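Student: In the order they appear, the protein sequences are chains A and B.
Heads up: the first sequence is residues 1 to 219, going by our numbering.
Heads up: the second sequence is residues 1 to 618, going by our numbering.
No lab work stands behind these hints, which were simulated from the structure alone.
Possibly wrong hints are sitting among the right ones.
[As the list claims (entries may be wrong)] Stretches of chain B that chain A covers, calculated by requiring three or more beta carbons in the stretch to come under 8 Å of a beta carbon on chain A:
1. 11-21
2. 227-237
[To be verified] Here are some, though not all, of the chain A residues that point toward chain B, as calculated from beta-carbon distances under 10 Å:
3. L88
4. T117
5. Y149
6. S196
7. K207
8. F219
What you are looking at is a predicted structure, and each value in this text was computed from that prediction instead of being measured.
Each residue gets a CB set at the ideal place from its N, CA and C atoms; glycine is no exception.
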Amino acid sequence: MLIVFEKRCNKIKHMNVILIRGAMQMIFYFILNSFIREQKENSNNIDEALFKKIADGDTKAFEKLYYSSERTMYAYVLSLVRDHDKALDILQETYLKIKSAAHLYKPMGKPLAWMFTVAKNIYRSNLRRESKYTRYDSKEIENSLDFSYITDRVDKIVLESALKILSQEEREIVILHAVTGLKHREIAKSLSVPLSTALSKYYRALKKLKKYLKEKGGF
Amino acid sequence: MKIKEIKHHLRKAVNEAPVNILEDIKHQKVEVMKNHDYITRQEPIKKKSLKPIYAFTTISVILVIAISMFYQGDAITSQVFIDINPGIEISLNKNENVINMEAINIEEDVILSIDYYRKNVYQVIPMLLDMLSQNGFINEDKNTMLVSIKSVSDKISKENIEKLSSTIKSFFTVRDSSVLILKQEIKEDDEAIKGSYKDYLTAGKYTFIKNLTKLDSDLIFEDLVYLSLKELIELSKDISLDLTSIIESDEDVYQYYDEKMNSQLSLESAIEIALGLSNGGVVENIELEEDDGRLYYEIEIRKENQEFEIVLDALTGQVLEFEKDIDFEYDHINGSDEILDIKEISVIALDFTKGGVIIEIELNFDDSKSTYEVIVRTETAEHILLINAHTGEIIKAEYDRVDDKIISNNILSIKEIQDKVIELTDGGLVKQIELEEDDGRLYYEIEIKRESQEIELVLDAYTGQVLEYENENELDQAHFDKLEEILDIEKISSIALEFTKGGVIIEIELEHEDNTFIYKITIVSEAREHILMINARSGEIIKAENETTDDKFSDKNLISAKEALNKAYELTNGGTLVDIELNKDDGKFIYEIEIEKDSLEYEIEVDGQSGEIISFDH
Numbered sequence: 001m002l003i004v005f006e007k008r009c010n011k012i013k014h015m016n017v018i019l020i021r022g023a024m025q026m027i028f029y030f031i032l033n034s035f036i037r038e039q040k041e042n043s044n045n046i047d048e049a050l051f052k053k054i055a056d057g058d059t060k061a062f063e064k065l066y067y068s069s070e071r072t073m074y075a076y077v078l079s080l081v082r083d084h085d086k087a088l089d090i091l092q093e094t095y096l097k098i099k100s101a102a103h104l105y106k107p108m109g110k111p112l113a114w115m116f117t118v119a120k121n122i123y124r125s126n127l128r129r130e131s132k133y134t135r136y137d138s139k140e141i142e143n144s145l146d147f148s149y150i151t152d153r154v155d156k157i158v159l160e161s162a163l164k165i166l167s168q169e170e171r172e173i174v175i176l177h178a179v180t181g182l183k184h185r186e187i188a189k190s191l192s193v194p195l196s197t198a199l200s201k202y203y204r205a206l207k208k209l210k211k212y213l214k215e216k217g218g219f
Numbered sequence: 001m002k003i004k005e006i007k008h009h010l011r012k013a014v015n016e017a018p019v020n021i022l023e024d025i026k027h028q029k030v031e032v033m034k035n036h037d038y039i040t041r042q043e044p045i046k047k048k049s050l051k052p053i054y055a056f057t058t059i060s061v062i063l064v065i066a067i068s069m070f071y072q073g074d075a076i077t078s079q080v081f082i083d084i085n086p087g088i089e090i091s092l093n094k095n096e097n098v099i100n101m102e103a104i105n106i107e108e109d110v111i112l113s114i115d116y117y118r119k120n121v122y123q124v125i126p127m128l129l130d131m132l133s134q135n136g137f138i139n140e141d142k143n144t145m146l147v148s149i150k151s152v153s154d155k156i157s158k159e160n161i162e163k164l165s166s167t168i169k170s171f172f173t174v175r176d177s178s179v180l181i182l183k184q185e186i187k188e189d190d191e192a193i194k195g196s197y198k199d200y201l202t203a204g205k206y207t208f209i210k211n212l213t214k215l216d217s218d219l220i221f222e223d224l225v226y227l228s229l230k231e232l233i234e235l236s237k238d239i240s241l242d243l244t245s246i247i248e249s250d251e252d253v254y255q256y257y258d259e260k261m262n263s264q265l266s267l268e269s270a271i272e273i274a275l276g277l278s279n280g281g282v283v284e285n286i287e288l289e290e291d292d293g294r295l296y297y298e299i300e301i302r303k304e305n306q307e308f309e310i311v312l313d314a315l316t317g318q319v320l321e322f323e324k325d326i327d328f329e330y331d332h333i334n335g336s337d338e339i340l341d342i343k344e345i346s347v348i349a350l351d352f353t354k355g356g357v358i359i360e361i362e363l364n365f366d367d368s369k370s371t372y373e374v375i376v377r378t379e380t381a382e383h384i385l386l387i388n389a390h391t392g393e394i395i396k397a398e399y400d401r402v403d404d405k406i407i408s409n410n411i412l413s414i415k416e417i418q419d420k421v422i423e424l425t426d427g428g429l430v431k432q433i434e435l436e437e438d439d440g441r442l443y444y445e446i447e448i449k450r451e452s453q454e455i456e457l458v459l460d461a462y463t464g465q466v467l468e469y470e471n472e473n474e475l476d477q478a479h480f481d482k483l484e485e486i487l488d489i490e491k492i493s494s495i496a497l498e499f500t501k502g503g504v505i506i507e508i509e510l511e512h513e514d515n516t517f518i519y520k521i522t523i524v525s526e527a528r529e530h531i532l533m534i535n536a537r538s539g540e541i542i543k544a545e546n547e548t549t550d551d552k553f554s555d556k557n558l559i560s561a562k563e564a565l566n567k568a569y570e571l572t573n574g575g576t577l578v579d580i581e582l583n584k585d586d587g588k589f590i591y592e593i594e595i596e597k598d599s600l601e602y603e604i605e606v607d608g609q610s611g612e613i614i615s616f617d618h
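Next comes chain B alone, as it looks inside the complex (with noise of 0.2 Å):
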């Protein structure tokens, strides 16, 4: 039976299944899902693009054809295609001088960098290999070629393609890697490359993938034409076709690829990392998988109720994802009520990493259970990681590769920033804390969860200094604060300075805001200014923010903002202050105090070095 029958009585024998199960579920009332579970997660797309590559070739290999029209006198006699994925076709006059050179799948600016016009074949092939391997087009160890030659004669074919082989053979031995060259020649006079896939295939390509599917009758043209010369060549292998009908090589082209897959790391291996990771449990699928041109093992492991999909790179043996699936019911059972603290997840994941820098924590609650996702940079990768926030479990790992690094010295790892959040916020539980750069200088952002508050903070990765503070309660404040209850202005400015450590209040402001009273409080302290709001009932902070700038208030000597209005005080005889400022004006420090009284607004200046009252108004 031919492929087609097979394929023709499968689609038969499926389309008469009777399916109608629409009527039963068509008005059928479902839960609408809040999240997505592990059944309806979406996986993220790989991102791969070939498309503007294509779009430049073009673009490219018309302007090559344009340019070349000008030197239309030297008459070709053969062409010669290297295809290594990407192609290049050269075209040569009789005494082997190249005249024109086009690249197919690949920047043109890689070959027309080379200054080939009329310089010998076998100068010029040399000159682009080395091109090719700087850009990254040939590997260390794996490599096939397939050279395609297309001559006036066969005797001229026959001799040149011998002479190339062997020209591209001692380039790779001289740099001790090896290379398997596949050798064709074409014969066929007709113009082989036919409509569109003139952008995508040399002549070379297209004849080899035009004489597999003669080989075989079930090949499609079509399916192969986006396969590269590997993945070809593997295909090949796998449906066990005979090559050597089609081309010619000085090596058995099959044994090649076995010995090149021996090389990586062996099943048995992937399989000892693969249930180290898992603890135990049993193989149950293993498979050596390609991707982009890395090799990796897929290893599915069945621990009692929990399933584990590991995927291992090839040839290092590095875990590229680590996945474990519990059933649920059980899931629920294992977990306490306790959740990890940041720091315990910090030495988890860079435990499973084998360090690095954490760049992100984040928890998120959901009905069954807790996870933290953490994101952790190492040199070469960016891990992402879930955890188990009861238990500290890994669910899931994920790796990516990266090329930018992450300049990271010297800044405070996890542990002391939860030490620090402890103390600036009395235990709060962190639920995000990410790692940000902003000019060049690296902060943490911390997002922290306090009974019905939630605090954000920003603090410099390298010192820890708190740059942003900001207390969010979600309880109603409905109350309406009475002014009597408000807390004094030196309570007010203990807080506010144990807060900065330490400094001058340069201004203390009541606000009215949202039924509460607020206290704004300024405060220059080590060439920051610092602006706090401070509720002014509970002397909580609500808000802190600092910026850089001149400090012209310290060592001064100057009275504290409290002595200041003492002295106001004395004048007006009580009341509510409204504004307190520390300004500078003519080498003079002056405090401008704001009071209110009996529906009276004074207004009293007082000298911030000796205390004396310098003007009155009200």
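Extracted from the complex, chain A is given alone in its bound form (with noise of 0.2 Å):
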């Protein structure tokens, strides 16, 4: 497309080509750039096309949607139940409902976006399910914080201390950061939030997170 329009610049003979062709060359980069940068934010590192493999009972895919999803699912239901062996249970029960659903999933550049409403419908609906005999204790809640398998003293203190004084939604999008290296952009658009509001909540849970950390464990 380039060469058309420079042979035709060619045939006028005026200063004006150089800059035109300069134009058209910012141009092209321009539309490139876009280009490359929509792919990447499409990207999330799963591969859409993986639903369809694995509807078609493709164990291959399956495995492969679990190596490149497990730590980022692992932890965004572990900032939904915080607790480990509860996250475990959600995130089973997550990619089982995945694989019998997998074929009704329809593209839509955000699969992560569908995998995170999977998790925490499952967690709601477990949520409902346990209110029903028990009532909401968030004493229970604490007490069940125990993550053992860590061993420094130090990541330990600090995850626990974000679930403990962080709300639901801030546990979110801190988590997903910190752990799984998502932009911003990509975890508002998986979490269907608002860029801004991903952000905002971000920055402020963090300084709520660094401020408790300093008065209680004095880091």
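Two chains, two separate frames, one set of hints: put the complex together.
Tutor: Set out below in structure tokens:
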């Protein structure tokens, strides 16, 4: 396309030629750039085509989806339930649900958002089931914060503090950003919140956490 | 501990968690779901696209640069940047005349229409603001504007920025709206805008964001680039940054924002509205959110086994979303087997939306519950409601703003349509009804289920006239219809004429299709030509269509098709009718009749008015 335009430009014997050519190149690079950016944004490390393969019973595809999303999904679910064992249960349920609904998935450029939604809905429905029998008890949650597998003392304190003092939405945003390295844009997209909200919550939460760690733990 | 370190510890902690559950689930068989349930359903994407604007801006900016190169004679001594999201860059010469003006994040034609070249900047700015206001970039009540200046000397900067700010202020005062002006001097001599941000940010906003990141080292420049000015200030407010060291303003910035925030619906009244919708319950969570510059309350309410999610417009209190989640077990018990009809559903839906036109109703059968999806169009919005088909409870309501109006004066209501449907189909269940537009005419497309039949109807939305009728029998008609069993022409004529409410039969044809005898009957009535397909054995109407035509058969004292046929039968001594057709030929009306008898075919022509036999062939 560029060459054709350049040829045409040459016919016009005018000093503007250089200018226009420069402009064309800038436009070209801009389009190229935005295209690359778009591609990057959509990657999320998860290939949407995997769902179709999973629907066809492809175990390899399922494994691939699992490996590319395990840590992200765990981080997300942990931020919801604040308990390792419960997180594993929900994670397991989530992957099975995805397996049984993979053929229904409509590609919309945010596979992670769907996986998050499934996990969150499972979490909610479990919570509802539980709350029928027991009343919500914050003390119980506090007691259940047991992350004995964490070897580093500071790591453990930071995670426990985050789970303890941050609100659910703050936990989702902070843990996803810290653990998975997902960009704020991607997190906002996957959690279906405006970017500004995600950013604002993120910074506010980290300040809160920073203050808490300083006051309570002397860090 | 620094935020970076906190993040690092969090990452290490979470990464250490033993997860490996793949082996457990890899080969586990799962039941393949037929439809999305409430757990796996996908949210539709909100359409939002700014990209073309960026592209357009880039092209425009390049053009402006190209054009401005022809006017290089004017030395630029200062530059003014006005950010109100879009941003405008104005270059001035030493006489404060505008040499060049560029826009960022906005279509260039908005400012190109301003004749600014070599005009005084204090004249140009009101024109520019006016233009921005006309194009909807300036709101009635909430405006934040960043005015930045970069000059050859500090003295000029100081003087100019005050003058600029008062010019802008008076523009807003005259128009009875308020503005928060943030003032900033750009001192650094270096080319502030580098790299890819050139297309997104003015030097003013760039400097502001850079300064924010200097105030708080935890803020990351790249994160902030995409935020609007308003969002930047709200973020600063949330994390309590001291903005006075980087910008000047005549007002207390945060206080201004607090006051503006309070101008909307109070939390209490939002809760009140929400509880009214859920009919009581406990508010579990309420949040004030912003999206696209609009504020809204998100409220979660729990009531026994039900959970409500309600989204309200924070300014008007309008219900933007309503969703009700019910525990499955409970829901099943609640529902009775009866399904409400569309009349009742339309009343419930219009009550919720406070008027409007129903443009679609669809009944969906599900294992656990049947629901009606109703789309209602009001003047400004489209409501999508999900209603429990047994109880009439609204399960979910969504709201979308729309601009194009639907002109729907004098159309029949769903109630009237339901009556019409009952009359036409002998009490079938309406599965789907849609209001459609074609060539400026509105019509209802209706799908009806009755026992094993599926009927499709198209009705004129103004008159209720049947435009199309189609009956699909799901039962396999394996039996071979016997010729002796078919209805005679008299019976068929009366069925057909009853359906079309009178008219002249101009053709009856007996067809044999899929082991079934079908009468194809053409009737002209009130300038419309109807074509009906009728099951020749049961007399059931299978399909009916009609279109406008020249009526050349009415009021001509014609004998009926039956009478013409009787004349023919006199000649042939009985037989089976194959086709009878009324034609107008040289001003004469003639029935052309084909009769089959003893494997002989007869063709008879009968005068349509006198009943005389014109010709007889076999």
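Student: So, against the hints stated earlier in the document, which numbers end up violated here?
Tutor: none
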